[in-house]
Amino acid sequence: MHVIQQILFIALTAASVYIFVRKIKEMRRNILLGRDEDLSDNPNQRWKNMVLLALGQKKMFKKPIPAFLHLAVYAGFIIINAEILEILLDGILGAHRLFVPVLGSLYGWLIGFFEILAALVLTACLIFLVRRNLLKVRRLNMAELKGWPREDANLILITEVVLMSLFLIMNTADLSLQAMNAEHYTATSPFWITSHLTGIFSGSSASTLVVIERTCWWLHIIGVFFFLNYLPYSKHFHILLAFPNAYYSKLNSNGEIKNMPEIQNEVLYMMEPDKAPAVTGEQEHKRFGAKDVTDLSWKNLLDAYSCTECGRCTSECPANQTGKKLSPRKIMMDTRDRLEEVGKNINTNKEFKDDGKTLLNDYITVEELRACTTCQACVDACPVMIDPLSIIMQLRRNLVMEESNAPQEWNMMFGNIENNMAPWKFSPDDRDAWVNDVA
Amino acid sequence: MPIKSMAEYAASSETPEILFWVGCAGSFDQRAQKVTKAFAQILEKAGIKFAILGKEEMCTGDPARRAGNEFLFQMMAYNNIHTLNGYGIKKVVTICPHCFNIFKNEYPALGGNYEVMHHTTFLQQLINEGRIKLKGGGAFAGKRITYHDSCYLGRGNNIYEAPREVLEAFDNELIEMKKCRSNGMCCGAGGAQMFKEEEAGTSRVNFERAEQALETGASIVASNCPFCMTMLTDGIKNKEKEDSVKVLDIAEMVAMSLE
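These protein sequence lines map, in sequence, to chains A and B. Per our numbering, the first sequence starts with residue 1, numbered consecutively. Per our numbering, the second sequence starts with residue 1, numbered consecutively.
Hints listed in this document are in silico derivations from the structure and should not be mistaken for laboratory results. Model, not experiment: these values are computed from the prediction.
Pair ranges (Cβ atoms, derived):
| # | chain 1 | residue 1 | chain 2 | residue 2 | range |
| --- | --- | --- | --- | --- | --- |
| 1 | A | Leu39 | B | Ala7 | 35 to 45 Å |
| 2 | B | Asn238 | A | Leu32 | 45 to 55 Å |
| 3 | A | Phe68 | B | Gly47 | 52 to 62 Å |
| 4 | B | Gly86 | A | Leu32 | 40 to 50 Å |
| 5 | B | Asn113 | A | Gln408 | 34 to 44 Å |
| 6 | A | Leu88 | B | Asn113 | 51 to 61 Å |
Capping the alpha-carbon separation at 30 Å, the derived lysine-lysine pairs in BS3-like fashion look like this:
| # | chain 1 | residue 1 | chain 2 | residue 2 |
| --- | --- | --- | --- | --- |
| 7 | A | Lys425 | B | Lys34 |
| 8 | B | Lys55 | A | Lys275 |
| 9 | A | Lys325 | A | Lys146 |
| 10 | A | Lys325 | B | Lys196 |
| 11 | A | Lys62 | A | Lys136 |
| 12 | B | Lys133 | B | Lys246 |
| 13 | B | Lys237 | A | Lys425 |
Heads up, the beta-carbon is just placed ideally off N, CA and C, and yes, glycines get one too.
Model the full structure from these sequences, guided by the hints.
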């Protein structure tokens with residue numbers, strides 16, 4: 001019996017790790033479909049950003065209440081996972097609470113600490129469910145979250161509540177069995193929370209308790225494996241990608257918009273033709289700006305996979321606040337959805353087969369892009385350093401430079417700059433006319 | 001003292017302390033011209049030898065770049081950097097945060113490296129160094145003032161304190177809007193929105209921001225950007241408060257309070 005359980009456990013572990021790794025490799029391939037961008041500079045500053053922003057969650061604390069609840073879930077999640085190590089070893093070796101003899105009285109203390117964290121995670125997740133579904137916090141109930149994104153969020157929270165409950169029930173049953181001196185159930189010092197709950201199992205027979213304890217143990221670890229493999233399909237993947245995303249985040253001022261050296265050179269060769277290199281062979285034309293996800297930088301695509309759809313960007317966006325269609329969160333969700341679509345296309349056809357769709361127009365509309373004031377509030381708001389403005393700018397560049405698609409007023413402004421060196425139609429000769437009025 | 005252009009300085013083999021980059025709004029927009037004149041007046045009063053580019057100044061290309069027209073931006077950048085490097089310009093002071101941002105963050109990659117300051121930081125320095133003195137109990141004594149962070153000075157370049165320090169030099173009460181500093185709300189003009197009609201929505205960005213300014217009960221909204229100035233003035237007019245609430249640039253306020 002034990003041997004069958006062990007084999008089953010090892011097979012389950014191997015399968016879930018295999019499926020997880022395969023999906024991660026696919027996501028990595030998808031991210032690398034983006035254009036090259038060298039972000040290997042300033043490693044010290046980058047490590048510092050990662051520690052402060054991802055590990056330390058510095059930017060979350062702009063909103064203290066969700067920040068503390070989030071910290072509870074996050075700390076609980078990371079620390080309780082230490083217990084997974086024992087569960088894995090127990091499962092593989094067919095042991096029970098393998099670490100009890102090793103850790104001695106420290107064991108009960110550790111599990112007690114995990115129980116407190118589990119209770120915090122459970123409470124925080126319940127509060128998060130209330131915020132989403134009953135209090136209907138505005139940024140968690142916007143149009144772009146209709147359907148799957150909302151279900152995704154609830155599913156994550158419910159899974160965490162279930163996992164934590166299983167952990168606590170398992171411990172309660174274990175303590176009750178210990179009290180009965182049941183076989184295999186090594187005595188530990190009482191766990192801090194569940195030692196107060198053993199009353200619920202008074203009157204249960206040892207065999208019932210063993211079934212309860214074993215069921216919780218199996219459901220808990222199956223749940224953990226399910227969750228692991230659910231992550232890459234979910235917004236919850238931010239728990240992993242927040243780290244690389246913070247590491248590779250922009251180090252320069254928010255105000256800077258990335259240069260386009262190809263156009264800089266084009267202008268240079270036009271003004272100083274002697275500097276132009278001799279043209280050899282066919283020149284590959286790289287699209288100006290971005291029309292589809294493959295025109296974006298790999299960092300933009302990493303951003304898209306890192307987004308957990310919290311909506312802090314959108315709730316700070318002045319265009320969104322005044323009822324425009326633009327939502328920076330939707331820009332990120334659209335980029336991810338399109339990237340996943342392109343990835344599936346490659347899985348099916350070995351290489352990308354034109355599907356007649358692009359990120360621009362099929363996912364993100366011109367009206368959304370036109371509403372942006374480049375105020376950087378979205379960039380500033382993001383706890384994991386996602387830069388929606390970078391994507392907006394690249395799509396705008398494509399619209400104007402590849403499709404000559406600009407509102408009439410912008411075309412007039414362009415014309416004025418070209419002809420009068422100012423965005424308005426004034427004579428350049430009058431530029432210093434104000435000087436005459438200075439007394 | 002007549003205001004001299006760089007060409008005039010160069011002709012007499014003199015070097016000015018700073019180049020005052022006026023910007024398109026400061027040069028042509030009637031309201032912003034008042035800020036330009038106020039700042040020029042302060043510079044003269046402080047005895048700073050400054051030059052303008054005059055007819056040689058061109059749009060930095062900011063609205064073109066942010067609308068997506070990189071070609072036009074690069075053209076303007078090429079010409080401006082050519083002019084500035086030709087004169088060997090070292091230090092630039094500008095009254096426009098958009099120009100400031102371009103000089104600070106975007107021209108260096110194109111070969112334009114200058115020490116650049118926004119006029120509010122420059123004014124703070126002049127006050128700290130005692131090069132200009134403000135009248136105690138002057139035009140703003142006891143008045144409630146609120147300050148609007150422009151996006152390209154604030155979030156764009158993390159300059160939040162210098163303008164506030166200038167405002168604190170007046171005898172008055174500085175009241176923050178509910179959204180300020182890095183949370184400050186845009187006026188609605190950036191990203192080349194200044195030059196087009198807003199997209200369809202339930203309200204206008206400048207109306208919202210002006211309401212936030214009015215909520216403070218301030219009689220003066222201090223700004224640091226010619227575009228914010230236009231947007232906030234319109235927003236206040238929309239609420240029919242233009243008689244009781246004025247939008248003033250920090251340079252104008254300093255000019256009015258000079259000893």
